[in-house]
Each structure stands twice: as C-alpha cells, then as structure tokens.
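Given these sequences and hints, build the entire structure.
Numbered according to this note's numbering, the sequence shown spans residues 104 to 265.
Among the hints, erroneous ones may be present.
To be verified - Dumping the calculated SDA-like pairs for lysine to any residue here, alpha-carbon to alpha-carbon at most 20 Å:
hint, residue 1, residue 2
1, Lys177, Asp200
2, Lys244, Val233
3, Lys113, Leu150
4, Lys218, Glu257
5, Lys113, Ala163
6, Lys250, Ile198
7, Lys244, Val219
8, Lys244, Val205
9, Lys250, Ser232
10, Lys250, Ser216
11, Lys244, Ser216
12, Lys177, Pro143
13, Lys250, Ala221
14, Lys218, Asp200
15, Lys218, Thr242
16, Lys250, Pro236
17, Lys218, Ala196
18, Lys244, Asn209
19, Lys218, Leu240
20, Lys218, Lys177
21, Lys244, Arg227
These are calculated hints, taken from the structure and not from any lab test.
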Amino acid sequence: MDWGQFFVEKGPAFFWLFVAIAAAITEGMTFGLVAIWFVPGALAAMLVSFFVEAVWVQVAVFLALSVLTLVLTKTVFKKHLPQHTSTRMNADALIEDHGVVVEEINNLRETGSVKVNALIWTARSTDDSVILPVGTLVTIKEISGVKLICAAREPSHETEKK
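As structure tokens, then:
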C-alpha cells in the first residue's frame, strides 16, 4: 500500500478529524461551551469526505451542523445549564446591608463609624444635616472611597408591633 497516496486520498478526512480533536481539546480546556458545537460538525464533514470530494459540500455540512448544534445548545439546553448571576463582591456587597453606629456620625465634624458584619467602617450620613448617635441602626446606601454612606434604618413593621 502506498501511504502517500492513502494520505492524499484521505487528506480531507484527516483534516476534519484534526478539527474535531482540536475543538474537543479547546472545549476541555475552557469549560465554557465555546467550541463543543464544532465537534459534531467536523465529524459529520469527515464522514461526508469519504463519499464526496467537493470541499464546499464538506464545509457546508460542517457549518450547518455546527450552527444547528449551537442553536440547540443555546436554546433547548439553556434551562439545564448553570446560569451565571452577578454577585456583588467585596465592599459592594455591603450596600443595603445594615449596621450599628459605634461612633456618632456627624458629617460637619467628619466623624463617624459603623459596625457591619463584625467590622468597623468609617461612615458618613446621606444628609449633612442629620447626626446619627451611637446605637442607631443604619442602612448602607453607597460607598464613597473607604467610607460607608449611611441612612438611619427605617423601622420595620415587625419592630413597630413590639
């Protein structure tokens, strides 16, 4: 058997096999559904290459099956795939959290500290004319630099009943 002739005749099949393997390796390295749909497209094109010499037919089969797999992945299986939700990280996670004033908050005197989740933070009021005394429950409204911008916590309906 002439191996050179064999590879010339079966070259397109080896090319599509290489594309399928490369796509599978890429997918295995990323875990993000970025290349998986190319694997069945390349395998189908490889099978077609045994029967049809026209490269455009092989490419058309590759593209059609890859697009079909992409659409199925993104629509049919979307509800079964884990959904990425944005999670506030670091200090941003404190916004809308609650704390207690441990040092009087007075914006005009530039004083104030709040204890939130067992940590003490420098704090200021959302309103310069409001002074929040020690022991006041506050809600963090925003973060400015390293300071928490707080407002007195609105009493909940359960606290009013007690």
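Straight-line Cα separation of Lys218 and Thr242 no greater than 20 Å? holds (11 Å)
Holds or violated: are the alpha carbons of Lys244 and Arg227 at most 20 Å from each other? holds (10 Å)
Going straight from one Cα to the other, do Lys177 and Asp200 come out at no more than 20 Å? At roughly 36 Å apart (the allowed maximum being 20 Å), Asp200 and Lys177 break the hint.
Regarding the pair Lys244 and Val233, is the alpha-carbon distance no greater than 20 Å? The given pair, whose Cα atoms are some 15 Å apart, holds under the 20 Å limit.
Would the hint linking Lys177 and Pro143 be met if the CA-CA limit is 20 Å? Judged against 20 Å, a Cα distance of about 16 Å means the pair holds.
Are the Cα atoms of Lys218 and Lys177 separated by 20 Å or less? violated (45 Å)
Does Lys113 pair with Ala163 here, judged by a C-alpha cut-off of 20 Å? Given that 20 Å is the threshold and the Cα spacing comes to 19 Å, the pair holds.
Assess, step by step, whether the Cα of Lys244 is no farther than 20 Å from the Cα of Asn209, and give holds or violated. This hinted pair holds, its Cα atoms lying about 16 Å apart.
Given the hinted pair Lys113 and Leu150, is their alpha-carbon gap at most 20 Å? holds (11 Å)
Taking 20 Å as the top limit, are the C-alpha atoms of Lys250 and Ile198 close enough? holds (12 Å)
20 Å Cα cutoff - pair Lys244, Val205: holds (18 Å)
Take the C-alpha atoms of Lys250 and Ser232, compute the straight-line distance between them, and say whether it is at most 20 Å. holds (18 Å)
Checked against the numbered hints given earlier, this structure breaks hints 1 and 20; the rest are met.
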